[in-house]
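**Q** When you get a sec, could you build the whole thing from the sequences and use the hints?
For reference, the chains in residue letters:
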Amino acid sequence: MSLAAYLTVATCLFIIGLVMVAARRNLIYVLMGLELILNAANINFVAFNRFQPGTALDGQIASIFVIILAAAEAAVALAIVLNAHALFDTIRPDDYDTMKD
Amino acid sequence: MGEILSFWFFATLSVGCALLSLFHKNVVHSAFALMGTLVGVAGLFLLLGADFLAMTQILVYAGGILILILFGLMLTRPEPEERKLGRIWGGIGILGAGTLLFVERVGDKPWFVQAKDLASPEPTVREIGLELLRRDSWLFAFEFASIILLAALVAAAFIARRRFNREEIE
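Chains as they are written, first to last, in my numbering: chain A, 1 to 101; chain B, 1001 to 1170.
Simulated from the structure, these hints should not be mistaken for lab results.
Among the clues, some could well be false.
[To be verified] Selected chain B positions facing chain A (Cβ under 7 Å, derived; list incomplete): (1) Val1015; (2) Leu1022; (3) Leu1034; (4) Phe1045; (5) Gly1096; (6) Ala1145.
In this text, all values refer to a predicted model and were calculated from it rather than measured experimentally.
In this text, a Cβ means the ideal position worked out from N, Cα and C, and glycines have one as well.
**A** Here is the structure:
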């Protein structure tokens, strides 16, 4: 398959993740949308790496670091979500408005 | 022929499961649909010749992050679902069309290898291991990533254990 095919799949995943972050009113969905966006970026890294001339693997290694950071981000974000739920008794991001007044 | 078939299979799996998890009303079903997406992306990695990365993807994403998300679902209360898709569809549509147009143009630039000239993929595990531990290459980033993981571990345990109360914040 050509490079454009892989880039198209990555674009679709990115846009679905973006909609998920923007439109769902639930913090867990925001996290899932973030994972989708990071996955789209990973597909781009690996696809460009495969279709470049030469045999360097820098794209795949960058993608490994993205996975590492995604794991760290998911753990800390989940802890924050749990604490916010204990504090505000809701996980709708719209309801976190303590700083408004 | 087999490669084209598998590409379409994995592409449909990942995009279809992502759409399912976007539109499904039940959060748990959405999380399991996300697993389909992650496995599909791992298949795409395999087709791109990244064997180590595909296995890492399944181990870390489908095995770790998804379990974390399911734990988050278990420990919080499900909310009556309310979506505001309508007001952002226009912007998303324009963005998507523009990006797809751009992608079509990038794909056949001469500085990329064309699909028919690709060398057959080789095992990458040894190469990645050597690259990660070579001093003038990725060694610093590799060690720094382990420090970040340790910091995230401690921070997640601390934040999840400590219960803030409302008076303290206001």
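**Q** Hints first: check each against the structure and report whether it holds.
**A** Going through the hints against the structure:
{"no.": "1", "hint": "Val1015", "verdict": "holds (5 Å)"}
{"no.": "2", "hint": "Leu1022", "verdict": "holds (5 Å)"}
{"no.": "3", "hint": "Leu1034", "verdict": "holds (5 Å)"}
{"no.": "4", "hint": "Phe1045", "verdict": "holds (6 Å)"}
{"no.": "5", "hint": "Gly1096", "verdict": "holds (5 Å)"}
{"no.": "6", "hint": "Ala1145", "verdict": "holds (5 Å)"}
When held up to the earlier numbered hints, the structure conflicts with none and fits them all.
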